[in-house]
Amino acid sequence: MKNSPSLDEQLEMHRKMVVVRRLEERLGELHKAGKTRGPIHRCDGQEAVGIGATAVLGASDFVTSTHRGHAHYIGKGVDIRGVTAEILGRATGTCGGRAGHMLIGDRDKGMIGGNAIVGGSIPAATGMALSIQVRGTADVAMCFFGDGAAQTGICHESMNMAGLWKLPVVFILEHNQFGLTVHHTVQSPVADLSLRAAGYAMPAEIVDGNDTVAMYRAVATAVERARRGEGPTLIEAKTYRMQGFSTSDMGGYQSDADLADWNRRDPIQVSRGALADSVSTERLDQIEAGAVAEVDAAVEEALAAPLPTFELFTRSSPYATAPEAV
Amino acid sequence: MAMMRYAEALNQALREEMQRDPSVFLFGEDIGRYGGVFKVTKGLMDEFGESRVRDTPISEQALAAMAVTASMTGTRPVLEIMYADFMPLVLDALINQASIYEYLWQNVTMPFVLRTQGGGGAGAGAQHSKSLDSLVAHIPGIKVVAPVTPADAKGLLKSAIRDSQPVVFLEHKLLYNLRDEVSDDPELLVPIGKAKTVREGTDVSIFATSRMVLESQKAAELLAQDGISAEVIDLRTLRPLDLDAITASIAKTHHAVVVNEGWRFCGYAAELSATIMDFAFDDLDAPVARVTLPDMPVPYAEPLELSVLPNAARIADAARATLK
Chain X
1 MKNSPSLDEQ LEMHRKMVVV RRLEERLGEL HKAGKTRGPI HRCDGQEAVG IGATAVLGAS
61 DFVTSTHRGH AHYIGKGVDI RGVTAEILGR ATGTCGGRAG HMLIGDRDKG MIGGNAIVGG
121 SIPAATGMAL SIQVRGTADV AMCFFGDGAA QTGICHESMN MAGLWKLPVV FILEHNQFGL
181 TVHHTVQSPV ADLSLRAAGY AMPAEIVDGN DTVAMYRAVA TAVERARRGE GPTLIEAKTY
241 RMQGFSTSDM GGYQSDADLA DWNRRDPIQV SRGALADSVS TERLDQIEAG AVAEVDAAVE
301 EALAAPLPTF ELFTRSSPYA TAPEAV
Chain A
1 MAMMRYAEAL NQALREEMQR DPSVFLFGED IGRYGGVFKV TKGLMDEFGE SRVRDTPISE
61 QALAAMAVTA SMTGTRPVLE IMYADFMPLV LDALINQASI YEYLWQNVTM PFVLRTQGGG
121 GAGAGAQHSK SLDSLVAHIP GIKVVAPVTP ADAKGLLKSA IRDSQPVVFL EHKLLYNLRD
181 EVSDDPELLV PIGKAKTVRE GTDVSIFATS RMVLESQKAA ELLAQDGISA EVIDLRTLRP
241 LDLDAITASI AKTHHAVVVN EGWRFCGYAA ELSATIMDFA FDDLDAPVAR VTLPDMPVPY
301 AEPLELSVLP NAARIADAAR ATLK
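Chains X and A, in that order, are what the protein sequence lines are. FYI, in the UniProt record's numbering the residues of the first sequence are 1 to 326. FYI, in the UniProt record's numbering the residues of the second sequence are 1 to 324.
Chain X with its partners taken away, still in its complex shape:
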């Protein structure tokens, strides 16, 4: 099938999903043990969206993410050890502990970056696509955002301009059903938010967000279209947030039936099923064990790493108001 991932790519997506899942599970444990700081937004159950979509991109493409970006970070190639250490607030983190898990950015990897102002990732990617168009390269910008962010005014402004100027941006609507605790049916009159794409003259596709291969195929078509200069695409990835809004979520608003239903469609199990015909169980187990070991090592390394020491930021003169304030 056109735009299908190779077996190697499929295995790499599988491995990265397990990396992200293991990271989320370890973060849950560490939170319970009081070893994390602040809220952490886990993406358990949504891994296939970020991993499948970013698998299509090249090194010079850009990605903008959300407050729930672990799969996007790992998918775009940010080092798991740096990400883990950053989440744990260590000097060895991707951003030296200055950013935290919601705001990780790695310019060299084109991941710029996490954005915890809901909707903020949408104009961010659109602006990068504008830059790409002005400079005339064949790169693309990829925007992850959620069904909650889709209700912001800035979403409309950005998509309108992206469609108007045929900007090389791919919008990945990670529809996980909830904006914080509020169900999408209480936020929007339509279940399929991709209906809106028609108003921006851009194609849209609804994709099973728990299937990396489906994500890869849809996104590959969208990325190729963007690289050809034909403009943006809206991919609506239907998925489900299995672990609540954040580690501070007290729950009570997700139905057991929904959770059980989506659990049966766990993206890692979907991926295993898709690979079963081509790869032995032993090999899959081996890949998964390797991913788990890599995360566990990253966690141990981060916990042993030094905490950052404070330095007033003076590299930029406008950060300081006057010399004596430095």
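Simulated from the structure, these hints should not be mistaken for lab results. Misleading hints may appear alongside valid ones.
[As the list claims (entries may be wrong)] The list that follows gives simulated cross-link-like pairs (lysine-lysine, DSS-like), each with its CA atoms no further than 30 Å apart: (1) X:Lys35 x X:Lys109; (2) A:Lys42 x X:Lys166; (3) X:Lys166 x X:Lys238; (4) X:Lys166 x A:Lys39; (5) A:Lys196 x A:Lys173; (6) A:Lys173 x A:Lys252.
Got chain X; can you put chain A on it based on the hints?
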């Protein structure tokens, strides 16, 4: 040197920088075909094409956020926000985006310029007449400039475009037709962060930016008639402040008047006053005087609007009061 209007000086700066650097591009409402509602971008779409000079939808929030990330990825955007009164719409892009990434990520730069114009005196009413300097000068990581002369407008805009950090460039609607000599040397830049003494004096220092520099110069004339020698400092840059110029002047005059066309409470004049207290308290013979807009909307009818705008007479009165 050539005589030109403030708007033409800005236009020349944009043209020269676009000729010099293909990564510079302009976007904003009505700036392309029409040339901008204040004609600052006149003729540039014809010269540089529709990709580098873009008319945009009315979408200030997204435009400002796009300027941030476009600048992070290899271009130097210059965004025009038509009125400073619309700056509340772009504050997320400045406060939650542009202000944080150089610190958090360190290996990114954001060389964009956000041009806007504010100020009263044109009968534009409460939503098109404000100076909101303090809103942007409040933000760490953002440079803010507000030139008054055509020459400084050109030289500072060129510096702003070449700067590696975000710059908010504040123009004033009553300055666009001001004519003066401007250099045609494309490499003559006016440095950001440097004030200019526009009138030397020994009795009182008046600090101002933008159109308030002109009112301060008129105030100095009024004071001279009373035998008072006022020094007028055009700060030119609101952030980062030229602290040396401020303290040196106060060391000489021992009296300070700070002028700003924005609101008084938590305003830019309040910050200047506090900064002078921090760094020049021992040199002061009297409390710092503030001349600002009162804390109210800018009214429409001429006698009402003129009643609220700071002017030469009020600045002179404030100077006299500090000398009593």
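Verification of the supplied hints:
1. For a cut-off of 30 Å, the pair hint linking Lys35 (chain X) to Lys109 (chain X) stands: about 28 Å separates their Cα positions.
2. Restraint check: the Cα-Cα separation between Lys42 (chain A) and Lys166 (chain X) comes to about 25 Å, which is no more than 30 Å; the hinted pair holds.
3. With a C-alpha separation of about 25 Å, the suggested pair Lys166 (chain X) and Lys238 (chain X) falls inside the 30 Å cut-off, and the hint holds.
4. Straight-line distance between C-alpha atoms of Lys166 (chain X) and Lys39 (chain A) comes to about 28 Å, which keeps the hinted pair within the 30 Å bound.
5. This hinted pair checks out: Lys196 (chain A) and Lys173 (chain A) have alpha carbons roughly 22 Å apart, not beyond 30 Å.
6. For the hint linking Lys173 (chain A) to Lys252 (chain A), the alpha-carbon distance of about 34 Å lies beyond 30 Å, and the restraint is violated.
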